[in-house]
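Undergrad: Sequence:
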Amino acid sequence: MLSPFRRALRSATRTARARQKSAVKAVLLALAPPPAKPLRKKKAPAAAPKTRKPAPKPKPPMAKPRAPLGETVRRISTGGMPARPALPRKPPAVARGARFIGGRVSLDGETRDYKLYVPAAPASGEEALLPLVVMLHGCSQTPEDFARGTSMNQLAEQQRMIVAYPAQSARANAKRCWNWFRAGQPSHAAEMALIVEIVRKVLQDHPADPRRVYIAGLSAGGAAALAVASAYPEVFAAVGVHSGLPVGAAHDPASAFLAMNFGSVGRRQASALPTIVFHGDADNVVHPGNGRAVAARGLAAFPRLAEAVRRGKAGGRDFTRTRHGAPRGKSHVEHWLLHGGGHAWSGGDAAGSFTDPSGPDASREMLRFFLQHRLPGPGMDPPAAG
1 MLSPFRRALR SATRTARARQ KSAVKAVLLA LAPPPAKPLR KKKAPAAAPK TRKPAPKPKP
61 PMAKPRAPLG ETVRRISTGG MPARPALPRK PPAVARGARF IGGRVSLDGE TRDYKLYVPA
121 APASGEEALL PLVVMLHGCS QTPEDFARGT SMNQLAEQQR MIVAYPAQSA RANAKRCWNW
181 FRAGQPSHAA EMALIVEIVR KVLQDHPADP RRVYIAGLSA GGAAALAVAS AYPEVFAAVG
241 VHSGLPVGAA HDPASAFLAM NFGSVGRRQA SALPTIVFHG DADNVVHPGN GRAVAARGLA
301 AFPRLAEAVR RGKAGGRDFT RTRHGAPRGK SHVEHWLLHG GGHAWSGGDA AGSFTDPSGP
361 DASREMLRFF LQHRLPGPGM DPPAAG
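Numbered per the UniProt record's numbering, the sequence shown spans residues 1 to 386.
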């Protein structure tokens, strides 16, 4: 007998395949010339007026409009983010005594820059190792912009943690998108390895706890965060995906078109990975079905867990949170569906781009979720300094 998850996954797979056929047909129709207008027939003589008009036929329900082909192609080339507004000038918050510094790593001839937030030292001068959170920005964003929009620096200061913001290179992607739709290609593997190299460098140079390393991202960054965490389960204790896509959702622009517009079930995860997902049900850039697929794939890797559904309102926006975990213990998978939410970081600061100040505070909720988890082993072993 099939489990509820397997039934849901089988149904989602059938739906995805059907939508793929519709998508291909839509592309062909979009590229085809418009049909010739039919010849107009002569009007028949007016009939005698009827005393009663027949009731109009009810119109079939209209599907939620998706992006036109040209816009979708542009989104694929930019990794999934809409056109970028002007950059705000407000600098990211840095508390007194804290540091927001730059760094760079190199690996196999490739380099990536990053920004690093290190909280101020405690008054006692002594402190245990701190959690490390890696934040992957969306397309056309920068580490500074992402730090502003998520307010992660302020939370890191309050909760005593280090935050790394890797920066995508314009050489790797003209719009500075993480190449989530190049799965299986050497360039994609090299990109993931560079992100892990940043983790290694931070662990080597700062008091970060190798058992409490987490990663999160928005849109293309969310898809990349999940891909990196899935490829390196010995490094990351948990992952957060905001408006992203499941691992294996795409391997080229054509499959990215389908996944972004119609959703994707992705592929099976090899290891159990605690996962928290945020996605707006009005997101017309990345289909909300992708968020459900991320949660479903994460859940499938765990043994049977208790499910709890909570409906509420935060920041003026309704949400539905589906939690899977021990009844009175930590949660292993959470899916937050933001009703009316679009393609933007929930509860974010309007000083940053692609943020929605309304709704649950995604940054705070992700940190709450992350801190429940740590790796069972020693975590990544950074090389000795010098």
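It is worth saying that the hints were derived from the structure and are not from the lab.
Warning: the hint list may mix true and false statements.
Derived lysine-lysine pairs resembling DSSO-like cross-links, with alpha carbons at most 27 angstroms apart [said to hold, decoys possible]:
1. Lys-201 / Lys-175
2. Lys-175 / Lys-90
3. Lys-313 / Lys-330
Cβ-Cβ distance ranges computed for the label pairs, FRET-style [unchecked claim]:
4. Gly-102 / Ala-189: 19 to 27 angstroms
5. Gly-342 / Lys-90: 35 to 43 angstroms
6. Pro-253 / His-206: 33 to 41 angstroms
7. Ala-98 / Ala-350: 35 to 43 angstroms
8. Thr-320 / Arg-171: 20 to 28 angstroms
9. Ala-350 / His-206: 39 to 47 angstroms
10. Ala-350 / Leu-107: 34 to 42 angstroms
11. Gly-377 / Pro-207: 43 to 51 angstroms
12. Asp-252 / Ala-308: 37 to 45 angstroms
Glycine included, every Cβ here is placed at the ideal spot set by N, Cα and C.
Undergrad: The structure should be examined with respect to each hint, and the outcome stated for every one.
TA: Results of checking the hints against the structure:
Under the criterion of a C-alpha separation no larger than 27 angstroms, the hint pairing Lys-201 with Lys-175 is consistent with the structure, at around 26 angstroms. Proposed proximity of Lys-175 and Lys-90 is supported: the alpha carbons are some 22 angstroms apart, at most 27 angstroms. For the suggested pair Lys-313 and Lys-330, the alpha carbons sit about 22 angstroms apart, so the restraint of at most 27 angstroms is met. For the pair Gly-102 and Ala-189, the supplied restraint of 19 to 27 angstroms holds, since their beta-carbon distance comes to about 25 angstroms.
Checked against the hint of 35 to 43 angstroms, the pair Gly-342 and Lys-90 fails, with Cβ atoms roughly 22 angstroms apart. In this structure, Pro-253 and His-206 meet the distance hint of 33 to 41 angstroms, their C-beta atoms being roughly 39 angstroms apart. Between Ala-98 and Ala-350 the C-beta distance comes to about 23 angstroms, which lies outside the given range of 35 to 43 angstroms. Taken as a hint, the range 20 to 28 angstroms is violated for the pair Thr-320 and Arg-171, whose Cβ atoms sit roughly 41 angstroms apart.
Between Ala-350 and His-206 the Cβ separation comes to about 31 angstroms, which falls outside the hinted range of 39 to 47 angstroms. Between Ala-350 and Leu-107 the CB atoms are about 36 angstroms apart, so this pair conforms to the stated range of 34 to 42 angstroms. The hinted range of 43 to 51 angstroms is not satisfied by Gly-377 and Pro-207, whose Cβ atoms lie roughly 19 angstroms apart. Look at Asp-252 against Ala-308: about 39 angstroms separates their beta carbons, and that is inside 37 to 45 angstroms.
Consistency note: the structure conflicts with the earlier hints numbered 5, 7, 8, 9 and 11.
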